[in-house]
Amino acid sequence: AQSVTQLGSHVSVSEGALVLLRCNYSSSVPPYLFWYVQYPNQGLQLLLKYTSAATLVKGINGFEAEFKKSETSFHLTKPSAHMSDAAEYFCAVTRGSGNTPLVFGKGTRLSVIA
Amino acid sequence: NAGVTQTPKFRVLKTGQSMTLLCAQDMNHEYMYWYRQDPGMGLRLIHYSVGEGTTAKGEVPDGYNVSRLKKQNFLLGLESAAPSQTSVYFCASKQGGTAYEQYFGPGTRLTVT
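Residue numbers (the working numbering), protein chains in the order written: chain A, 44 to 157; chain B, 7 to 119.
By construction, these hints were calculated from the structure, which means they are not laboratory data.
Being a predicted model, the structure only gives us computed values, none of them experimental.
Honestly, I wouldn't trust all of these hints.
A partial selection of chain A residues facing chain B, derived with a Cβ cut-off under 7 Å [unchecked claim]:
(1) Y75
(2) G86
(3) L87
(4) L89
(5) T94
(6) P144
(7) F147
(8) G148
(9) K149
(10) G150
We put the beta carbon where it would ideally sit given N, CA and C, even for glycine.
Generate the whole structure from the sequences, applying the supplied hints.
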């Protein structure tokens, strides 16, 4: 069975500082991994995804994530936080085969301080 | 394209009442999903469908039923609402194939009193 652990339910950074949101996964087979963002009172939208191609994945709005198999991690980073990055971020995993549904982490709320 | 739409946006029910939430997508996607989102719990899958006329249970299916009579629509029903079903409900759809992303609707906020 697959599972996702997001370390830290709430992360607070200063504007211009590095953003690091942590995600560790558990999967018995090669996974596909996703990061979604949810702005207040909206649905989720895709930031980026890993589907067994390049291990460093670049997404929208300057975010990127690196797949590290040895650490079973897929942490999300952005070099310089903007106020507009304040949102909730979800990591999700599915098997790299078949069509099993996504399993989501519990989410990390990012606050950006001016 | 409207993408994924959900009706209604808000609803208040009394315990024991029934209702149906409608999800519609105009992207010709095969797969559709219903999730509930509760504080600190992330998104939990209620039911999903891999094609017209098919449905399957997710992580938290009890108290809900679904139907997929048309490819573009996925209905979520609550036959007898309970306060524990107070939540925000999201519908999503995607093309067939594991690598494709899910597209989410804007959500329905349901309160059961």
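Is the shortest C-beta separation between L87(A) and chain B less than 7 Å? Constraint on L87(A) satisfied, holds at 4 Å.
Can we keep the L89(A) interface hint, with Cβ of chain B closer than 7 Å? Result: holds, 4 Å to nearest chain B Cβ.
For the restraint on T94(A), tell me whether the closest CB of chain B is nearer than 7 Å. holds (4 Å)
Is the interface hint satisfied for F147(A)? The criterion is a beta-carbon contact with chain B at less than 7 Å. Hint on F147(A): holds, closest Cβ of chain B at ~4 Å, below 7 Å.
Minimum beta-carbon distance criterion (7 Å), Y75(A) to chain B: OK, holds: Y75(A) within 7 Å of chain B, min 6 Å.
Is the interface hint for K149(A) satisfied, with its Cβ closer than 7 Å to some Cβ of chain B? Since the shortest Cβ distance to chain B is 4 Å, the answer is holds.
Holds or violated: the hint that G86(A) contacts chain B, with Cβ atoms closer than 7 Å. holds (4 Å)
Is the hint on G150(A) kept, meaning its closest Cβ partner in chain B is under 7 Å away? Holds. Min distance 5 Å.
Hint check, P144(A) versus chain B [nearest Cβ-Cβ separation less than 7 Å]: Holds - the Cβ of P144(A) comes within 7 Å of chain B, reaching about 5 Å at its closest.
Are G148(A) and chain B close enough, Cβ to Cβ, to be under 7 Å, as the hint says? Hint holds; G148(A) Cβ to chain B Cβ min 6 Å, cut 7 Å.
No hint from the list above goes unmet by this structure.
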